[in-house]
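Asks: Now for the letters of each chain:
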Amino acid sequence: MCLAIPGQIVEFSTEQAGLAKVDVAGVKRNVNVSLLEDEGVACGDWVLIHVGFAMSKIEESQAKDQLRMLSALGEDEMAMDEIRGYSFAERE
Amino acid sequence: MKYVDEFRDPQLIANVSREIARLAGATRHYRIMEVCGGHTHAIYRHGLKNLLPPNVELIHGPGCPVCVLPMGRVDDGLSIAQQRDVIMTAFGDMMRVPGTRGTPLEHKARGVDIRMVYSPLDALRIAQTTPEKHVVFFAIGFETTAPSTALTLARARSLGITNFSVFCNHVTIVPAIRAILDSPDMRLDAFVGPGHVSTVTGCRPYEFIARDYGKPVVISGFEPLDILESILMILRQLRVGQARVENQYRRIVPWEGNLPALQAIGEAFELRPYFEWRGLGFISQSALKVSSAFAAWDAEVQFEVPGVRVTDPKAAQCGEVLKGVLKPPQCKLFGKECNPEHPVGALMVSSEGACAAYYRYAHLSESVPA
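Chains as they are written, first to last, in our numbering: chain A, 1 to 92; chain B, 1001 to 1370.
Isolated chain B (complex conformation):
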């Protein structure tokens, strides 16, 4: 194993791996979904599959913000970007997500004013220094980034900055998990819960998964040992027929979450009745829109957006991969038309997308088992 040297304690890793194999036995197949794209990346990067027995299968979840954004929303954002006197701003990941007529980066090359920013506050700063233009922030992300957009809106309002607005595509993770649990073709035994999202949401929102669906959830850190330990904690629950929410990432995640962050989200946003997720379809109450109190800073109020639903390129099977029905290399385009240099689907764009992670690191998983 190439990366074992980087593990803090290879012996401890080996012990946990052995204990997982012992608990998993040989008679039953376990399907565990890691919800967060950060975990997907870490799992591939460290070749963790090698440290699991064949009957413990990891299914990659929907926790990659650019991966679940439907193409129609990318088109909507790009349509706003092309209006007169608009500067569109977006995170780097977003710049490479294909819309119907190319990515934001390709639009930029054609002369559309689209700029990459590292923080929504950077977008607000551009608005302050460019008063003759209207600056739109293309907001994406789960609860980890939503508070930042919320506080940026609050700052725009308190400073009276009127040439700034947010094109809001923030989504919330819990309704997506519920949709997956309700989906007939998803048979899952347990969840590795998201780490950084949970620093904001806390652990309570996952309790219904254990209570109503009888599936264990373990909130996990991102180190190899964290992820393996979380899988071990899940197997311990499953072995004795338990289902509860446990927090393996206690060193970062408080059980109650970050209350000021939740409050900021509550003030600046309201729930959309429904929102489309790539691969998962429409999920009710799964996304945020800018609240009516901030309508003057809501790009969807300030600009006409086409709002056209666009189907994915037919040959790409992003939806099936997102739901864990197909593994990345089983998609017809994987590694051919669709690769990290020229992504056809969003799963190939972000390092947290299952396809990009698989493309970069799959050779590790197929090397010597531990």
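Isolated chain A, as found in the complex:
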């Protein structure tokens, strides 16, 4: 729950405002990016995700650091389970 998962925005949803597909280590899921719309987000941007919501924009190098840190903390599997588990905007 307290994991901050780094991902890269690959596509914005045309069906729902504030939704974008992010890529986390090869797994792609929709997350809510509406909290970052004020500062502006674009495809290719890296973000930190908490429980389905992108909470901050980060640099690519920081995203790599964050992934490495999750793995050093033994939390990388949990993070991937969480990303795979987001089902709120996936088609059945």
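Calculated directly from the structure, the hints in this document are not laboratory data. Ideal Cβ positions, reconstructed from N, Cα and C, are used throughout, including at glycine. Fair warning: there could be bad hints in the mix.
[Claimed, not checked] From the derived model, a few chain B residues whose C-beta atoms are all more than 10 Å from chain A:
1) Glu-1019
2) Arg-1022
3) Gln-1083
4) His-1107
5) Thr-1130
6) Arg-1239
7) Val-1240
8) Glu-1267
9) Ser-1284
10) Ala-1295
11) Val-1308
12) Lys-1314
13) Gly-1319
14) Glu-1352
[Said to hold, decoys possible] Each pair of labels, with its calculated beta carbon distance range:
15) A:Glu-59 - B:Gln-1263: 17 to 27 Å
16) B:Arg-1236 - A:Gly-26: 37 to 47 Å
17) B:Asp-1185 - A:Glu-39: 41 to 51 Å
18) B:Gly-1214 - A:Arg-91: 51 to 61 Å
19) B:Gly-1214 - A:Glu-59: 31 to 41 Å
20) A:Gln-16 - B:Thr-1130: 16 to 26 Å
21) B:Glu-1320 - A:Gly-26: 38 to 48 Å
Based on the hints, put chain B in the right spot on chain A.
Replies: Just chain B now, with coordinates in the frame of chain A:
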């Protein structure tokens, strides 16, 4: 040191560690609280105690959401879960927190419909696809997760989804820090401030700690070097008698926080007059409830909750550990009746709880010093 290989720059770590020892000297004892459970986990996982001199002591703070949730609230949530046509949803951490009659997971095994979700939006989705049931989201967490619950409530309202509600247990970190500062048995010199919570709150809410209590606060990242650097920044302040809020985690934490997130919290929630924290007791204005504008989505309005205050199992000393009065292994149940497979207290449940972290990694701290 087993994990030094994973550190990005062992030489830099060694330098910071040496500088900490030099600044700490030998005459004074420093007690520094890391507020956030994520830091507690990282400190144990990386054996950072080995890199600190014996007179720099880290006290583990209350920043682990499942750890501070009193048992009575778990019981309240489970009571809602057992009502007719209800599906209860909760984060994975919550599933293993013991109530008086077992954990949510154990209730699930007995046939109560309790499902694990990774996002409050997943809970809302279940409500959309299961219109004949009422879906309740058991919301926990600090300011990192509160905006997500807030936006989920806003979405439920805008879509007119009426079979969804939130059992709100969100807490805010600043009143807990104030309670700790006001507690007579807590003697602390400084705080390592939370990282991800501060991406939402920003750094300003901590200013009273420096201004009114004269204690330094350094907002920290989660890498070993981040935490050590933050401790160094604290010691630098203490050495010259300064107290201010500094931001070591500038690469992620903006000084002003995330304004849209704060706004979402402000719209969906209001402050409770008081809320019970396990180990810390009742703290005024320390928790959020669903605001009256969202009463139709407030599980505490929609359902009767017993609201009974339940004392912790007598033998477990979670409260003392939470306040840093006892170290985890000093609790009578530690590693015996209470272990990560069968947690008696919540501190043993989450990887961010001091007891679980100590249980898994203490052998690192007791190995070769750096």
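Asks: Next step is simple, just say for each hint if it's right about the structure.
Replies: Hints, verified against the model:
For Glu-1019 of chain B, the non-interface assignment is confirmed: its Cβ lies about 22 Å from the closest Cβ of chain A, beyond the 10 Å cut-off. Distance check for Arg-1022 of chain B against chain A: the nearest CB is about 27 Å away, which clears 10 Å, and the non-interface claim stands. Against the 10 Å criterion, Gln-1083 of chain B stays outside the reach of chain A, whose nearest CB is about 24 Å from its own CB. No beta-carbon of chain A is positioned within 10 Å of the beta-carbon of His-1107 of chain B; the least distance is around 19 Å.
In this structure Thr-1130 of chain B is separated from chain A by more than 10 Å, as the shortest Cβ-Cβ distance comes to about 13 Å. Non-interface status of Arg-1239 of chain B relative to chain A is upheld: no Cβ of that chain comes within 10 Å, the nearest being about 29 Å off. Annotated as non-interface, Val-1240 of chain B keeps its C-beta farther than 10 Å from every C-beta of chain A; the closest such distance is 31 Å. The non-interface label for Glu-1267 of chain B is consistent with chain A: the shortest C-beta to C-beta separation is roughly 13 Å, beyond 10 Å.
With a closest Cβ-Cβ approach of about 25 Å to chain A, Ser-1284 of chain B is found to remain outside the 10 Å limit, as its non-interface label requires. For Ala-1295 of chain B, the shortest C-beta to C-beta distance to chain A comes to about 24 Å, beyond the 10 Å cut-off, and the non-interface label holds. At the 10 Å boundary, the C-beta of Val-1308 of chain B stays outside the reach of chain A, the nearest C-beta of that chain being 26 Å off. For Lys-1314 of chain B, the shortest C-beta to C-beta distance to chain A comes to about 29 Å, beyond the 10 Å cut-off, and the non-interface label holds.
No Cβ of chain A comes within 10 Å of the Cβ of Gly-1319 of chain B; the nearest lies about 22 Å off, and the non-interface call holds. Not every CB of chain A is more than 10 Å from the CB of Glu-1352 of chain B (nearest about 6 Å), against its label as outside the interface. For the pair Glu-59 of chain A and Gln-1263 of chain B, the beta carbons lie near 26 Å from each other, so the given range of 17 to 27 Å is met. Checked against the hint of 37 to 47 Å, the C-beta distance between Arg-1236 of chain B and Gly-26 of chain A comes to roughly 42 Å, which is consistent with it.
For Asp-1185 of chain B paired with Glu-39 of chain A, a C-beta distance near 43 Å keeps the hint of 41 to 51 Å intact. Judged by the Cβ atoms, the range 51 to 61 Å given for Gly-1214 of chain B and Arg-91 of chain A holds: they are separated by roughly 56 Å. Range check, Gly-1214 of chain B to Glu-59 of chain A: about 36 Å between beta-carbon atoms, so the 31 to 41 Å window is met. In this structure the hint that Gln-16 of chain A and Thr-1130 of chain B lie 16 to 26 Å apart at CB holds, the actual value being about 20 Å.
For the hinted restraint 38 to 48 Å between Glu-1320 of chain B and Gly-26 of chain A, the CB-CB distance of approximately 45 Å keeps it satisfied.
The structure does not agree with numbered hint 14 stated previously, though it agrees with all others.
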